[in-house]
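Colleague: Listed in order, the protein sequences are those of chains D and P.
At position 200 of the first sequence (counting the first as 1) the number is 200 in my numbering, and the numbers step up by one without a gap.
Quick note, my numbering runs 519 ahead of the 1-based positions in the second sequence.
Heads up, none of these hints are tricks.
Below, simulated EDC-like cross-link-like pairs (lysine to aspartate or glutamate); rule was C-alpha separation at most 20 angstroms, straight line:
1. P/K539 - D/E284
2. D/K286 - P/E568
3. P/K625 - P/E552
4. D/K505 - D/E479
Keep in mind that the hints were calculated from the coordinates and are not lab data.
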Amino acid sequence: MSRSVRVFVPRETAAVSLGADEVAVALESAAQRNHGMAVELVRNGSRGLSWLEPLVEVETGGTRTAYGPVAPEDVDGLVAAGLFEGGTHALSLGPAEKIPYLATQQRWTFRRVGIDDPLSMDAYRAAGGFEGIGRAFELGPSAVLEHVIESGLRGRGGAGFPAGIKWRTVAAATADRKYIACNADEGDSGTFSDRILMEGDPYTLIEGMLIAGYTVGAHKGYIYLRSEYPLARRILGQAIANAREHGWLGTNVRDSGFDFDIELHLGAGSYVCGEETAMLESLEGKAGLIRYKPPLPALEGLFGKPTVVNNVVTLASVPDIVRLGGAAYAALGSGRSKGTLAFQLAGNVKRGGLVEIPFGATLRSLIEDWGGGTASGRPVRAVQVGGPLGAYLPDSLLDTPLDYEAFAAAGGMIGHGGIVVFDDTVDMAAQARFAMEFCSVESCGKCTPCRIGSVRGVEVIDRILGNQDRAANLELLDELCETMVQGSLCAMGGLTPYPVKSALKHFPGDFEPRSGGKR
Amino acid sequence: MTIRYDKAIASEIIAQHGAKPEMLVQILHGFLERYSFISDEAVRQIADELNLSRADVHGVVSFYHDFRRQPAGKVVVKICQAEACQAMGSRELTAYAEKKLGLKVKDTASDGSVTLEPVYCLGNCACSPAVMINQRVYGRVDAACFDRLLASTEDA
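The shape of chain D in the complex, shown without the other chains (with noise of 0.2 angstroms):
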């Protein structure tokens, strides 16, 4: 009589791009194959350990032994290095919770993420969910307030505005409905906190999303996932469906009460819809122009009704800031950014995932440290921290401490906590064209610093680059920055700029005129 081993193969879209899928396949047919025994495969989401996956755990004895990277045609070897029964082996990495790059970490927002199926309704509440929102209705709408407030919460999506600010805006207002929409649209590169959260533990963003509409008084949320995201659209949708079932969206909302409903929308390829009134735009079925502001959306929102948005990984924070208390979340972090950031070390890095931390460790710690520097073995020349709207950092300013003000003072943005890195073979003209390249190609066209002066930089780059009437060119780019950064109706056409006089200024070198004109 054999007794059940469980096997944790993640089902997440990284792990899954490296093969998990197969490898599920082949251990769940090893283990019928050799041993008849009792296997039960759980299919998790990612601990983070992206450059690990897919990991392999095996739960023995209260202790869960890691594998990794595995790769299908790995099995046969684990499983005959006595892998069902926490063996040892070559790609052995020992207690996965002692791994040290997650060991090293402070998980609050992605706690549970990792660990158990995410679908499973019974993991979820015995790892703690759904306390938050019992407990929200034991406080009542304006105690809950006053523990987003006292947190210090801030948008994880980039901006970083009070979230508590903006909830009481909304519960102030009057109105007929408010709605609640979540933007899951993580459009720039280097990002993907937002994913691994939907895919992980889609029922925290599900009582996060409750939390906010109990606490402003709306009843219907809307989540707009980014079509790139199929995987999340699949696990996030069933956790919907699971959630209705068992009456934690409807009508009164577990005998509270409440109602609340959530409705998942796609995007459609379109990186501005990332931004909030361009996202509303795209909710109500319309192209992505994005909206003058004032009246904020959070008076004048979805179908012109108060409404809160905030990313995922915002809404998915405030489930345990209500559990445990705002003041908990606040003692994390550093000067006026509390809490804890879901960095996502991303591009040439050795070791590329998610490290949730305090807000307040330097850009090199994270870089090196978790990182282990670039994939490639050479030198860190540039990292684009905060998407494509964000500067390149040389070497000298990576000792900044990454948190929203210091940040900013050294010319940076913290964004959404992405951190591209890139080695020494990285052409910063080309990379400073690109910013310009892409926003021509993004831009929604409402504005025209955006829209015209995105296409205008991109030649004007090219001229330089052609050295032709160099030295007027290079005005001309700073003066069509300048019209972008004061002009522009948005971000997108406001930050294009950043990334492009970050490269001038960091990498002078590589504006240099070159042979044959633009590479």
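Got chain D sorted already, so can you dock chain P onto it with the hints?
Modeller: Then chain P, alone, in the frame of chain D:
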């Protein structure tokens, strides 16, 4: 592999979303899933059933990259063009794919076998460069891996 347009089925797709103008983007996704593109007939029928002008619908269709106006190939290959993937050689991979397929990005092979498209971020930035083939994401794709993935779609 173009599926013939069917007005009754089109009506069903629209009805699934409550035939409301605010569901237009979702309705267009329904058409995309079924037909792989948004045809002129679709634009006409959607406009009629939602009580919008054809210009309204066209304006939305043409705004979003997802809503292609020509049928996609049997295999749709999307290569990420964003910064994290650039840092790991996506420009070179894209050039390789163009050469290998004899196509430029945004083109479909004349025999309808394959469409090559750009995409700006699949959220697989820790395992760059990323490629999506028929809605499935692959990570750390180099030229050899790209060849293998393509070959496997031919077997399927």
